[in-house]
Structures are given as structure tokens and as C-alpha cells.
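J.: So the chains spell out like this:
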Amino acid sequence: MDLRLSEKHSALQADLQAFITRYAAEAPKAGGGRKRPDARTLDWQKRLVEHGYAARTVPRAYGGFGAELDVVELAVIADAFVQAGVHPGLSNQGISMLVPTLLEVGTEAQRQEWIGPTIRGDVIWCQGYSEPGAGSDLAAAQTRAELKDGHFIVNGQKIWTSSAHYADMMFLLCRTEPDRPKHQGLSYLILSMKTPGIEVRPLRTMTGRAEFNETFFTDVKVPAENIVMGRGQGWHVANITLKHERLMLGDSNRLTQRLHKLTEMLQRLEVGGEKLIAIPSLRDRLLQLQGEVFAWRAHGLRLLTDQSRGVDSGLRRLITKYGATMLCFRLSSLAVDALGTAGLPYEVESETVEGDEATTWHVDHFYDIGLIIGGGSSNIQKNIIGERGLDLPREPKMIGVAAGRN
Amino acid sequence: MDLRLSEKHSALQADLQAFITRYAAEAPKAGGGRKRPDARTLDWQKRLVEHGYAARTVPRAYGGFGAELDVVELAVIADAFVQAGVHPGLSNQGISMLVPTLLEVGTEAQRQEWIGPTIRGDVIWCQGYSEPGAGSDLAAAQTRAELKDGHFIVNGQKIWTSSAHYADMMFLLCRTEPDRPKHQGLSYLILSMKTPGIEVRPLRTMTGRAEFNETFFTDVKVPAENIVMGRGQGWHVANITLKHERLMLGDSNRLTQRLHKLTEMLQRLEVGGEKLIAIPSLRDRLLQLQGEVFAWRAHGLRLLTDQSRGVDSGLRRLITKYGATMLCFRLSSLAVDALGTAGLPYEVESETVEGDEATTWHVDHFYDIGLIIGGGSSNIQKNIIGERGLDLPREPKMIGVAAGRN
Amino acid sequence: MEFDLSEDQRLFGESLSGFLQDRQPLEALRRMAEPGSGFDAGLWDGLTELGLHGLLVPEQFGGAGLGVLDAAAAAEALGGTAAVVPFAASTVMATLALLRLGSPAQQAAYLPGIAAGEIRIGVGFAGRTGQTGPAEARLDGTRLSGRISGALDAGAPTHLLVCLPDGRAVLTGAAEAGVSVSSHRTIDRTRPVADLVFDGAAAEILGSSNRGPAALASVLDAGRVVLAADTVGAAQTMLDRAVAYAKERAQFGRVIGSFQGVKHACADMATMLEPCRAMVWYAAHAQDSIPAEARLWACQVKAHVGDVGREVARISTEVHGGMGFTDLLGLHYWFKRIAFNRQALGGPERCRHDAAVEQGWIVA
Amino acid sequence: MEFDLSEDQRLFGESLSGFLQDRQPLEALRRMAEPGSGFDAGLWDGLTELGLHGLLVPEQFGGAGLGVLDAAAAAEALGGTAAVVPFAASTVMATLALLRLGSPAQQAAYLPGIAAGEIRIGVGFAGRTGQTGPAEARLDGTRLSGRISGALDAGAPTHLLVCLPDGRAVLTGAAEAGVSVSSHRTIDRTRPVADLVFDGAAAEILGSSNRGPAALASVLDAGRVVLAADTVGAAQTMLDRAVAYAKERAQFGRVIGSFQGVKHACADMATMLEPCRAMVWYAAHAQDSIPAEARLWACQVKAHVGDVGREVARISTEVHGGMGFTDLLGLHYWFKRIAFNRQALGGPERCRHDAAVEQGWIVA
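Chains as they are written, first to last, in the working numbering: chain A, 1368 to 1773; chain B, 1368 to 1773; chain C, 122 to 485; chain D, 122 to 485.
If you are wondering where the hints come from, they were derived from the structure by calculation, not from laboratory data.
This one's a predicted model, so the numbers in the text were calculated from it and none came from an experiment.
Be aware that one or more of the hints could be misleading.
[To be verified] Listed next, the in silico DSBU-like pairs over lysine-lysine satisfying Cα-Cα at most 30 angstroms (straight line):
| # | chain 1 | residue 1 | chain 2 | residue 2 |
| --- | --- | --- | --- | --- |
| 1 | B | 1561 | B | 1588 |
| 2 | A | 1764 | C | 368 |
| 3 | A | 1549 | A | 1515 |
| 4 | B | 1549 | B | 1610 |
| 5 | B | 1642 | A | 1642 |
| 6 | B | 1764 | A | 1549 |
| 7 | D | 368 | A | 1396 |
| 8 | A | 1628 | A | 1396 |
| 9 | B | 1375 | B | 1588 |
| 10 | B | 1561 | B | 1610 |
| 11 | B | 1515 | A | 1764 |
| 12 | A | 1764 | B | 1764 |
| 13 | C | 368 | B | 1764 |
| 14 | B | 1402 | B | 1549 |
| 15 | A | 1413 | A | 1402 |
| 16 | A | 1610 | A | 1764 |
| 17 | B | 1402 | B | 1375 |
| 18 | B | 1515 | D | 368 |
| 19 | D | 368 | A | 1764 |
| 20 | B | 1375 | C | 368 |
| 21 | B | 1413 | B | 1396 |
| 22 | B | 1610 | B | 1402 |
| 23 | B | 1549 | C | 368 |
| 24 | C | 368 | A | 1549 |
| 25 | D | 368 | A | 1561 |
| 26 | B | 1413 | B | 1402 |
| 27 | A | 1561 | A | 1515 |
| 28 | B | 1515 | B | 1588 |
| 29 | D | 368 | B | 1549 |
| 30 | A | 1402 | A | 1610 |
Take these sequences, add in the hints, and give me the full structure.
T.: In C-alpha cells form, the structure reads like this:
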């Protein structure tokens, strides 16, 4: 047990301090949301890549910094930007999901073409996985792609395509072998969002914002070589991508930051001349949540150590999405409770409007429900924990249910 | 909405007052537990039957009071004895489960023979339903009964037979038609516990007491006419019996009494010179539990009204076992928490020793787990609520699983 | 002994539900809710005809002369349909305040207008509900000054009722000089809250003498019960929709309601929610007929139903999966209705605090 | 940066577990637990050889000179096997009290005996842990009087350590004149609590001067962390046994672990419990190396792990169905071990209170 940083990591921390001191003034404002990165953000991203504070482990041949993977380094870097409140660089689905996927299973040509522009922020990706009829059952995707004359012809519909309205490219899970069993009939394509036949419609959520889109495909032509791995291997590729998404969702730093924000608010706001933290029932709930966040924070350190050793965390990793999203919801629940009637007014017309404190908490609160559901609902997560983490048996096969297609 | 008693019920209440005033001195001490009723209790029981305060709706032909069913009357009677702290008469499995079953589906001879002695407490019954290998899946019972020369020959084992060590008789669910599908192969027999070949072994639970028994059958001969309804109809009969058990378990009066006891304790005990109720976190938990108990209390009034109208309460009734047993556990949890270290000492050698306050709460606390599990665990209860109460579909049939026997 | 709604109460609730489902299908709800004022003139007039606004107004003033239990039955229907209509404050609390504190002349002046749907009274509390945000008001003779946030049913009010910390209540016209009402759209587009600013506004004190805080507290109690009833209705709709969705939606080759994960989630909701309905009835009946239990039950029903409502809202949304999170099914109107009810007139923490005071476990 | 037990720590935990599983199978556990003194001479001697008692005793006094994290790793093994052995108080707290408050002479007098397994020190607190029952002690010169309930590891003590409200701690022999120890079997037959009565008993004050309440508080903190570690071990055993049972037991024609109801219950337990292990490690490490965080984490880990332990204990018992409720599988030993740990040295309510004080949110 040693929580001190090694000499190498301390040196990195010092470099980061120097970098931030020198360049912070050039950084764009953190946040940003539903728009293409602007010129200032792109410049900042390029500077981060150059210094190895973004795309650090992407090989130099593909435009990255080419460092060996050292997850403690990554944690030190992330931490420095959070502490300083400085924009930590782009974090979009192209960078966090597509790039690692191409590095793992893409062709040399695909890596050469896409990784560099993606990590610099010049090419923005969106994800084409979920479908209205499939939900958590990703493998039930029905969007069809038929190979004809050197092109896949795509027809169907995707949902939850979050940046589709401004993305350049999409990575798409679709059914190319309709006669094969469900999981073996899928392929993973990449395509330009400018291809004719694609229609993007905004999808409003309970937050009041159109954070997502629905994307419709009508005879969309995708060159045959735009496939990652082979036909029928889409499920395998998609799971590589999802692995990286699941890591993102279970971030214990977010819990800690949220706890701090909540604690600060309860110490600041008053009701009837009394600080909220002086109200026993609110304080007690805060204390309970603090205990839980502490547990996940320590757990996060353990996961980091696993990763730094290249150990598969197994059960320890599988529980994070379910555990952390539920805890997030309970943190925001206490926040909106503490705000009481004064927190009820709510105007969220667009993401460009900066919300007041109450609105921000309510957006978080609603969005937390989305996070509990998204990327595999709690029921799916509990199946994964039970079956993969605890080795409990899967549901027996059903009579009268087609095992393959549905 | 009218919570006042009718003239008829007020009159009954007055009669009860007079009865209790006159006879309370003759009543045995309430409680009693794991023993045959003594002579004083039997006398008291007979007096209660005579006045219609026990076995009120059992026809006079079978030794009862012969009143029309009026559940409000029954509630008024129960309430009077609880309020006065006077023994309310016997409440054992013979009276609460077997008698209503015989009244519903027994032969005239069976009713004549068993109902009178049972309601007077002269014959004590135990229940032979559960088996170690079957648990919540009652219909999987494997105890066999083969008809040979006018007798069923019983072999097998039952568990949770609570009064088997002093009972005169047992009602037994056993497999008489092993070749028929699971639910159609059972029969319901009644037999004397003095029949040769029956061995009763005490079964200790986590409370430290032997509250139950295991009962073993080796070539036990039961006359063929001791069957209730026909061969293969045991599952139907058992469900009639269980219906009456489930009503017993979901009693909201118990919640109210327990809340009062808990509240009184928190108002009385001190830590460091401070009343427990002055400790905000304990008080807040008490308040939350009070709210829940209030909800179930009101719900109980609604169920009573349903019953008095002869309406099937459906979902409203199906939720009570699961809801009330979980709440019971949380009430006793607060009690043991409030007692703290001073509540840890624990001696439960036999049921005859009167425990101190802390021991009583801990016994309740452990026993609550038993109640959550007994009579259908929470998972079974939630299936029942979902399938029968909300009409959600049952699990599909499995491939490779024999539907009938297992 | 009969613990149930009367035939009339049930029928009135059903006719309200029927009317609202008819007039406020999802597309109409979106349209009516969008302004966020909690008021739609067409709907209001229809409900006037049904007699909603005069429910508690005595017959001599043109109302039905009914009680809080009737109001609770109505509120369950309003919550069940997420109705865009002022009720808990403007109809129930304002009417009760006039009945319990007002002079005969004041009752004659306002109650007929309430029953006729011509008067809508927003209600604000200075203290007492544990609300966050400013809440102070002082009376100088008949001149009212101060600032009160979180006023209810004040999206399109004709009058305002302000409850003072000393137990008095005052009425002003919403358009009077020195009165400013800023109504805010809230998370729940079906109901707004308002900030009221008074600068020496002419005000009328209800009643000739101060009847003490108890009378006004009983008005607050009734409001809490009615909001709890609204939550029971809204939560029931969320449960019903989750069950319907679970029977219809297939995943992994099965209807999802056949998975224990989903089935047990629905069972949990039902087990929590069903006793809440009886609890609301008892609490409402206590307001009408059991004064000794009225306050405690009002506090407890608001707190407990608030907690159950949040759980049901979350679980139902989860059962709907991604569809529950989108705006497509409109499920969030009910989610937010429940969240609003939880906070308004005091959240669970405050209500439990009041329950502890009522039982002498702590001093106020 | 490395957040994990060291190889040595893990191996020591494993060798403890192995030893205890070997020496204390269910039938032996029943026998050793029956007297309820929390002490079995045979087991004790074996553990002496393994070096358990001298874990925190400096090497110069015959111990291993290790820290609270090592003790936590050991406690997890003890909880995992429901070991009938005094530890949290007699080994960890008593040793730390001598190290942090005692004079060199006192350390030399007692620590070698602790490491050698010859001295077992029961520990009682006058105040500070929020315990119910009497807890008062006064010192008149070196004469101790008073009555303290809930003392730990005092089923077969050679000495008693009494922690006074002013931050001093005193030692007496358990057999001294004026000392009476009534040890009680508890719900957890593997550990007793004792009532200590002192009537002018000769006592030795640890250290020459009062180092103030902070030093003694740190001893309490370490005890709380160690009890939390014990709970993590016990809860892990309950989870492991539930999972094993769910894989084996068939009902309705299926292994019950294939039902989502049971599978999700196991997933819930794992999701709650797994982070608790890391939390205990961090809290224990903080006792050794991060003084600024030591107290807060000690309070929080005792509270949170106490709550998780109760849930895991209940759910695991439920997964076992009726068998979990009987004595047949002995599962209740772990259930009760967890329940004991929850209360000893302050339940979750008290620990959260202390956490609030530590953060300046309330005054003590």
C-alpha cells in the first residue's frame, strides 16, 4: 500500500503544473456540449496531443504521443486538469471508443486514415448501435446492410446517436447476414454522415434538451472496404467498443466531485436562518452518501492499481456501472430535496443557456436516470455481475423462442 | 367512509367489556408457546367458544357458535382482547387452517369427527407441507404414500412441522400418484401422530430455540378414508389451507403494536443522559417507520372492508405478506440498533425463560427473517404479486426441464 | 365501519379522470403544459362545469359542500392525468382558509366566485413549510409588505392569500397596486411557483380576530394531504404504464414482464404504492372527522407518499428503458409532477420534523 | 501509487484463514462458541504461534511491528471464519493504547506478554462510543471506581483497560481486589461483552501525563476500522455461501441462481460489499499513514460497512431460504457476528455523529 506518486509520476505532475501555468490562458472554457469544437478548442486539443496530455498512448505513427500505457500517468493528467479547472481536451465517442477499437482490430489503412484526424478533433464520430426495437438487447439490431456491387446498402434506424447532427462519421452496427444466428449476423461499418439517405432527427429527453438523435437510413451506400474486421464479426467489434464505454461510465472521480459540490451547497444555503447542514435529516443523508462515495473512491484506487498491473479486475469492474450510477442518482436526489421549492423553477431551452444552481442539479438528476438506463439498464448490469462476476448460471433456453433471430 | 362502529358492533363491544370484566381473572396468561395448552387454557377456550368469542362462525352442528361471518365482528373481538391484554383463545394451525379447510372441502364425517375437538383445543394439529428438498416449491413434495390394502403407506420427511412434538394429528401433503404431472400427483391426508413409524426431531433456528421440528415417516399406515377430497387433489386442498395462513401472516395490528413498543422504548431509554428519541438519526428512522406503519394500518382497514363485503381484495391482499414482513424486520432493526451494546447479551435456552427487553427484540429480529422466508420467500411473493396481482406473464417454459416431475 | 370512498366520491373521481383523459391526451398535455402557468382556460371552464372548483364551497355559496376526502379523491384523478389546473392551493387551501378563518362577509364575497371558477387564489406561506428561498411578510395595519417565494397555483391568479407566521392570513387582489407576481415555469410544466413581492399593498385580514396558528395550520395540513393524493394518482399512472409496457415490449426473445427483474420491480412498486392510497384516504378523512389525528397523519402522509412517489417514478422510468428517458412517451410529466409534489408545502424532512413536534418528541 | 495489500499481508491473511478453516470447521465452531466467552485456549495457542497477537507489537518486544492495515487484513480473515478469538480490543486497541499513551516502562511490562499470548486485555469505554447502558468511571489517585458496560474481549481477560472521558486510559489486573468482571454471552456466541465494576481498584495510568483525548480517540478509531474489516470478512463469507448455494440448490426444476430474483440479489450483495473492502484498506492505511484523514475514514467505514453488512446478512439468509433460518448450516454465526460488529464501539448513528463533529458540521 503506497499512495505516494513515484518519482516519474511526480515529475509528470510538475510538468503538468508548468504546462497549465504557461498555457491555461489559451484553453477554451470547459463544458461545451452539443456543438462541434470551435477553433480555439481544436488548437487546444492539438497542443495537448503534442505534449502527450491527450491521445498519450496512441502511437506516433497515427498522430499520437506514443507513450507506453501507464494508467497512473493518465490519472495524474486527468487529476491535474480537474484540480486546475482547465479544459482537459476533447472526450468524444470517436476518441474514447472508436480509436481504441481501430487500434485493436482495424486495418492499417483504417488506422492511418482515421486515428490522426479523430484525436485532433478534426473528425467527429457518432455511434450507431441502439435501435428503438432492441434497447438493451444490442445484438437484436435490425438495421440491414446488403452488399451490392462493392457497396453495403444500409436501411434502418438508430437511436441515441448523440452527436449525429454535427458528426462527420458514424460507426455502425448492422445486420449483414440475416440468415445467421443473431450474434453472428452483424457487421461493424464506418461511414460518412454526408452520405445521401441519412436523416438525423433530434431526440428530446426528460431533461428538456435534445441531447440525442434518431438517425434514419434509406439506401445509404457504404463502400465495402469500410468494414472493421470481417462480415459477421460486428458483435465482437462492438463489444471492444463497449468495453471502453463502460470504463468511462463508472468513473469514481465524478462521484467525489459531486459530493463536494453537494456538501458545499448544504454548508452555504439556509432555510429560516439555519444552514441546511444543520438540519439533522439532511445532514444524516449527506453523511450516508459520503460514506458510500468514500467506498467507491477507495475502490477506484484499487481498479487503477489493477489497470496499472494489467490485471483484469473482473467482478470489481463489473459492479461499477450499476453501483456508481445508482449512487449518482441518490446524490442528486439529496441536492434537489435540499433546494426544496426554491429549486423547482426550471428553464432548459437549449444547452447554450447556462443554468442556475438549481437547474443544473435538476438536469443532473434527470440525466442520472438516463445514465442508470443507458449502456445497459440495471437489470442487464445485474445479470452481467451475476453471470460473469459471480459465475451464476444464465437463464435456461426457452421453449418456443427462436434462439437466433427475433 | 365511516370509521364508527354500527349499533350491532357497539353492542358486541359492550358485551365483550362485560365478559372481560367478569371473567378475565379466569383467563390463562397470554403467550405460552411450544407446549400443549394446559387445563386452565382449555377451560378458557371452551368459555370463549360458548360465548362466540372463538370459533364464532363455525356451525353449531360442529361445536361452534354458528354466527354468520362478519369480519368487523371478528376485528372487534380481537381488538377487545388485545386492548385488555387478556388471552384471546387458542390460535393454532388446526383452528386457523384445518378447520376452515374441512368446512370448505371435508366430508360430513370428517367435520363431525375433527372440528369440535379441534376448536375446543382437545386435539392439536401440525402441518406436514414443506420438505427439505422442496422449500418454496411446495408442489415438489416427494413424501410418498402408496395405497395398499385399504391404507396409505407413507414414507418420507417433512420439515417446519412446528408443533409436531406434542400434536395429536397432522395434515399431510404427499405424493400418491407419482406418474402424474407434479401438481396433479398429490393428496392431502390426515393422520394421528401416534401412528407407529413417525419420528419427530427438534429443529433449532437462528433464534437459538427449537421452534420447529423435522418429522420422518417410515411405513406409516394411514387409513384410506383419511383423505380430504380425492386422490390427486392435494394441491387444491393445500392451497385452501395456505390461503388462510397467508391471511394470518399479513396482520397489520402486529405492526402497530410493534411500533408502539418501539416508540415507548425510544422515549424511555437514555444514552449519556439523553433520551434515545432525542438522537436525530434514531428519531428520523422512527418517523419514517411510523409513516409506513400508518400506511399499512390504513390499508388493513381497507382489507377489512373488502372482507366485510365479501370482495376479493386481489392485489391489495397479495402485497401484504411481502410488505408487512419486510417492514417488521426494519422495525426490529431499529430496536436492536437503539439498544446498542447494552442489547447484545443474549440467552435463549428455552421458550419457558422470559427474555429481557433486549432479548425479546433480538428474538423478534431473527424471527422476522424467518417470517420473510416462511410461507413463500420474497421472491415467490413478488412473483405472485406480479403474476396474479398485475397480470404479468409467467416465466416461459424451459427447454430440457421436465414440466411434471423433478 | 366502512373504510372506502363512497359511491359518489368514486364516481366523481372517475368522471374527472374520464374528462381529463379525453381533453388532455398526450399531445394536448404538451400544448397546455408548455406555457408552464398551470392554467388552461378551456380546461378550467370544463372543470368548472364538472363542479371541481366548488367542491369544498358550501351549498349556500354555489358549491358542493364536501370535504377534504372528496378533494383527495379528485386530486388523485388530477395527478393521475397530470392535469394542467390549479387545485391544491387555489381550490382546497383557499376555500378552507375562508371557511376556517374568514368572516361571514368574506365568505359571501369570495366563495361564490371560487365555485363559479371566477376567482383563483394563489397561496404563499411566510415560514411554516420549511421552504427554501425568501419567505417574509409583515402587515402594517392593512398594508402588506415583504417577499414570499414558492407560492402555489399563482400562474394565473385573480387573488393572493398570504399566510403570516402569527397564524393570520391576508387576501389581496393579484392586480392591486404594490403587488408583483413573478410566476416561474418549474420542472413540472403543469404547475408553476411564484415569487410574490408586496410593497404596502392593500390587504384584507381574514376574520376579525386572530384565531391562532392552529386554524391556519389545519389549512396547511389539508394542502399536504391533497398533494399526497395527487402523488398517489401520478404514481399509479406510472405503475400502470410500466406494467402495460412490460407486457408489450419484447427483448431477448421474451416479453420483458416475464423476466423476474422487471416483474419484481413492478411488484415492488405495487407493494409500496397500494397502501399509500388507503393512507391518503385515512389522512383526508382525519382532516374532516378526526381532529386529534389530523395533523400527524397530514405530516406523515406527505412525507411517506413523497418518498414512495420518488421510488415509483424512478423504477417505472427504468422499466421503460431508454423510452422512459426520452420525451416521446411523455412519461416524464408524471415523474416531474411527483417531484414537484414532494417539495411543495414542505419536503419529507420538514414534514417529519413537524410530525415529531406534533408528538412532543422535539420542540418546534 | 499502489493500492493493494502487500504480498506479505495477503499471505498472512490467507494463512490465518487456512488455519482457522482447518481448526474451526462448523462442528468445532459450535463447540468453541457455545461457552460464549470468545476464547478457546487451543485456538488461542495456535494463533500465538502464527503471530497474530504480536502483530502490532514492535519487534523489540517480540512482535511483528506492523500496522493497522495488517491488523485489518487479519481481521477480515477472522470475520470470514467467525473465529472465536479476542482481537479488535485485546490485540489491536490495547497494543495501540500502550504504544500511543504508555510509558516506555509500561510498554516493556505489557507488550511482550501480549505478543506471547500471555496477556489478554479487555477494553471498556466510559463514554465516547455512544453506547447504551452504564458507562462511568472516576479515578481517585490510582484507585478506580465506577461501572462500565459493553467492554470488549473481556470473556477471559488477564487485564482490563479502561478509557476515561478525559482522554486518559488506565490498566488494572482482571483479578485485582475491587475488580469485578461479569461477562455475558451475546447474540454472537463468538464474542462476549462484559460489565466491569470497579470499587477502588488499584489502577495504573498509562503514561505520565494526559496526552489529551486525541491519542485515545485514535485508539478507538483503529478499533472501529478493525471491526469494519471483520464485518467485510464475515459478509464476504455470507455472499460466497449464498452464491454457492444458489448454484447448487434446485427449485421449480431449475438451479435457483438462474432465476433473476436470486441472481440479482447476489449481484446487489456484491455491488455493495466489494467497494467496502477497498474502503477498509484505505481507512486502515489512513490510521498508519494519513493522520489528517484517519478519524473521518474510521467513522465512515464503521458506519457504512455496518449498514452494508446488515443488508448482506439479510439477503444471504434469504437466498438460503428456510435453511438459512435454521441452525443446520450455521449461517447465523456470521449473521450475528456482523450484528455484533455493527453495535460494538458505536453503531452507524454514533459513528456518523462523530464524522459530523470531525468535519465541523456540528459541535460534539
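J.: For each hint, tell me whether it holds in the structure or not.
T.: So, going through the hints one by one against the coordinates:
1. For the hint linking residue 1561(B) to residue 1588(B), the alpha-carbon distance of about 11 angstroms falls within 30 angstroms, and the restraint holds.
2. A threshold of 30 angstroms between alpha carbons decides the hint, and for residue 1764(A) with residue 368(C) the separation of about 20 angstroms falls inside it, so the pair holds.
3. Distance restraint check for residue 1549(A) and residue 1515(A): the Cα-Cα separation of roughly 22 angstroms lies within the 30 angstroms cut-off, and the hinted pair is therefore satisfied.
4. Pair hint residue 1549(B) plus residue 1610(B) holds up; C-alpha atoms about 20 angstroms apart against a cutoff of 30 angstroms.
5. Between residue 1642(B) and residue 1642(A), the direct Cα distance comes to roughly 25 angstroms. Compliance with the 30 angstroms bound is thereby established for this hinted pair.
6. With a C-alpha separation of about 21 angstroms, the suggested pairing of residue 1764(B) with residue 1549(A) holds against the 30 angstroms cut-off.
7. With a C-alpha separation of about 53 angstroms, the suggested pair residue 368(D) and residue 1396(A) falls outside the 30 angstroms cut-off, and the hint is violated.
8. Annotation: proposed proximity of residue 1628(A) to residue 1396(A) holds, straight-line Cα distance about 19 angstroms (limit 30 angstroms).
9. Our distance criterion of 30 angstroms between C-alpha atoms is broken by residue 1375(B) and residue 1588(B), whose separation comes to about 50 angstroms.
10. The straight-line distance between the Cα atoms of residue 1561(B) and residue 1610(B) is roughly 28 angstroms, inside the 30 angstroms bound, and the hint therefore holds.
11. Between the alpha carbons of residue 1515(B) and residue 1764(A) the distance comes to roughly 42 angstroms, so the proposed pair goes past 30 angstroms and is violated.
12. For a cut-off of 30 angstroms, the pair hint linking residue 1764(A) to residue 1764(B) stands: about 9 angstroms separates their Cα positions.
13. Between residue 368(C) and residue 1764(B) the alpha-carbon distance is near 17 angstroms, which keeps this suggested pair within the 30 angstroms criterion.
14. This hinted pair does not check out: residue 1402(B) and residue 1549(B) have alpha carbons roughly 36 angstroms apart, beyond 30 angstroms.
15. Restraint check: the Cα-Cα separation between residue 1413(A) and residue 1402(A) comes to about 18 angstroms, which is no more than 30 angstroms; the hinted pair holds.
16. For the suggested pair residue 1610(A) and residue 1764(A), the alpha carbons sit about 26 angstroms apart, so the restraint of at most 30 angstroms is met.
17. Distance check on the hinted pair: residue 1402(B) and residue 1375(B) sit about 37 angstroms apart at the alpha-carbon level, beyond 30 angstroms; violated.
18. For the suggested pair residue 1515(B) and residue 368(D), the alpha carbons sit about 40 angstroms apart, so the restraint of at most 30 angstroms is broken.
19. With a C-alpha separation of about 17 angstroms, the suggested pair residue 368(D) and residue 1764(A) falls inside the 30 angstroms cut-off, and the hint holds.
20. Under the criterion of a C-alpha separation no larger than 30 angstroms, the hint pairing residue 1375(B) with residue 368(C) is inconsistent with the structure, at around 47 angstroms.
21. Our distance criterion of 30 angstroms between C-alpha atoms is met by residue 1413(B) and residue 1396(B), whose separation comes to about 16 angstroms.
22. As the CA atoms of residue 1610(B) and residue 1402(B) are separated by approximately 26 angstroms, the hinted pair is consistent with the 30 angstroms bound.
23. Only pairs whose Cα atoms come within 30 angstroms are accepted, and residue 1549(B) paired with residue 368(C) is accepted, the gap being roughly 28 angstroms.
24. With a C-alpha separation of about 23 angstroms, the suggested pairing of residue 368(C) with residue 1549(A) holds against the 30 angstroms cut-off.
25. Restraint check for residue 368(D) and residue 1561(A): not satisfied, since their Cα atoms lie roughly 52 angstroms apart, outside the 30 angstroms limit.
26. Taking the CA atoms of residue 1413(B) and residue 1402(B), the gap is about 18 angstroms. The hint holds against a cut of 30 angstroms.
27. Proposed proximity of residue 1561(A) and residue 1515(A) is supported: the alpha carbons are some 20 angstroms apart, at most 30 angstroms.
28. A hinted pair counts as satisfied when its Cα atoms are at most 30 angstroms apart, and residue 1515(B) with residue 1588(B) qualifies at roughly 9 angstroms.
29. For the hint pairing residue 368(D) with residue 1549(B), the CA-to-CA distance comes to about 23 angstroms; that is within 30 angstroms, so the pair holds.
30. A distance of roughly 26 angstroms separates the Cα atoms of residue 1402(A) and residue 1610(A); the hinted pair therefore holds under the 30 angstroms criterion.
In terms of the numbered hints stated before, the structure departs from hints 7, 9, 11, 14, 17, 18, 20 and 25, listed from lowest to highest.
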